[in-house]
Amino acid sequence: PHRLNRRIGPHGSAAVQMLPIIPTQAPSPDALMSVGDGVQMKRSQYFAGFKADSYETVPMLPESNCATFAGTIDDLAEKYPDLAPALYNDVKVCTCGKPCAYTMTACNACGASLVDVEVTKSENVFSAFLMGVAKAKKGFPYTISLRRQTEEVLIFDDMLALTPCHMNGISSKYYIPDWRFLLTDPPRALQLLDLLEEELWTATQPFLKSAGFRRKIFKGDLTDEQIKSKVMKSFNMPPSQFQMHVQWLVPPLLPFQHHMAEIRNHFHEDRAFPLVYVRKLLELNEPFPVTKETPVLDIVAHFNSRVDYKKEWNAFYQKCLADSIECANWRPDDFEYVVEAGQAYRFGVADARVQLGAPAGDVNLKAVQERDKVALQNYGRPYTDEGKPRGTYTLRPLEPKIGEGGYEEWPGVAQAWGLRPVTNGGMTRISDCGSCSLA
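For the sequence shown, our numbering assigns the number 1048 to the initial residue and increments by one for each residue that follows.
Errors might be hidden in some of the hints.
[Unchecked claim] 27 Å max Cα-Cα, derived BS3-like pairs, lysine-lysine:
#, residue 1, residue 2
1, 1413, 1263
2, 1435, 1182
3, 1145, 1185
Simulated from the structure, these hints should not be mistaken for laboratory data.
Could you put the whole structure together from the sequences, leaning on the hints where they help?
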């Protein structure tokens, strides 16, 4: 079997590259992992049905701001058409609403098939964040679960939340659609990655300084440096949002998400590019000409005799699983069910091992998984009285232009993406916090 890697050719024509699909596979039925309280369970099982309202959580930054642009991405693109290429993504939108990369065959939020889903345009949420766009086309506010912001970077919780501490780090200075364009200037790119990693680690500190969070989430007495060495750091190509972002996942994975990783529905080979792999390419200091149409596997092939992607990816994938298991402190008493082979079971613990009981009847696993995510994530904490995530608009909005004050140019991007300097004729600003729809 193969999956489609759609390439946009000259003049917008579409080319298709066939990439091999790695079959979805479960771990060995007899393979065990240790969870909280020293209990063992199969790696083909996971806990579901969290009993409480939440685990120990860590609030987002208290600072808040109003929206800067009173409208949607479409409104922004209409007013500044030369900026439009930086405002949209090519995606497959799942029925659950998650925009997924156009090469995906299954949704990485809910697991639904994307085989028959057409490729469409979606709003570039990260551009919306950086420019303080008020709302999405569907009407909800484009607010951020903010963890850190400087003149150089924006760091926020990932709405998908694969781990209790899952953040994205993006440049708030440059428009860089994806990691390929780092290769146009390797020394400068390494400096940018150093900065992003440093700021992401700083944004992680409130989690590590929370005694309650640390006690609940991490198994044993891991030091800060041990935790730092286990952070899952990667890029996706193609990304679901066309603004290069470092995926920063502090383990453990949430129970369902760990299961998804075990069956290879996360960290996909030929789509996940470990940060260590990208760094090794950049350290060769060999600029590579990149256009919008450059297939990422052409880049892999070019460097493969010196940096072996398959080897790097496999080491990354296996380490993600091992570190998630080593850190995971999920306690059996906190969950209603154990799920195995798509069936929820009541369960008990005997001889320090999970024992399945009777099937749990008509359980809507998708709904259970969504409730668990809401309970276990730190996105938008603290929630409102209605149980909804909070958020803010950017504290340092960019002007909607290419150039100083807006997106500054990164080597090769403006020409490849069809961007031209935009004369800023002024923005429609929102001055009253009441109209921001801030939760």
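Q. Quick one, are residue 1435 and residue 1182 close enough, alpha carbons at most 27 Å?
A. 17 Å, holds
Q | Satisfaction of hint between residue 1185 and residue 1145, Cα-Cα up to 27 Å | A | Given pair residue 1145, residue 1185 holds - Cα atoms ~13 Å apart, limit 27 Å.
(Q) Would the hint linking residue 1413 and residue 1263 be met if the CA-CA limit is 27 Å? (A) Answer holds: residue 1413 to residue 1263 is near 25 Å, not above 27 Å.
Checked against the numbered hints listed earlier, the structure breaks none of them; every hint is satisfied.
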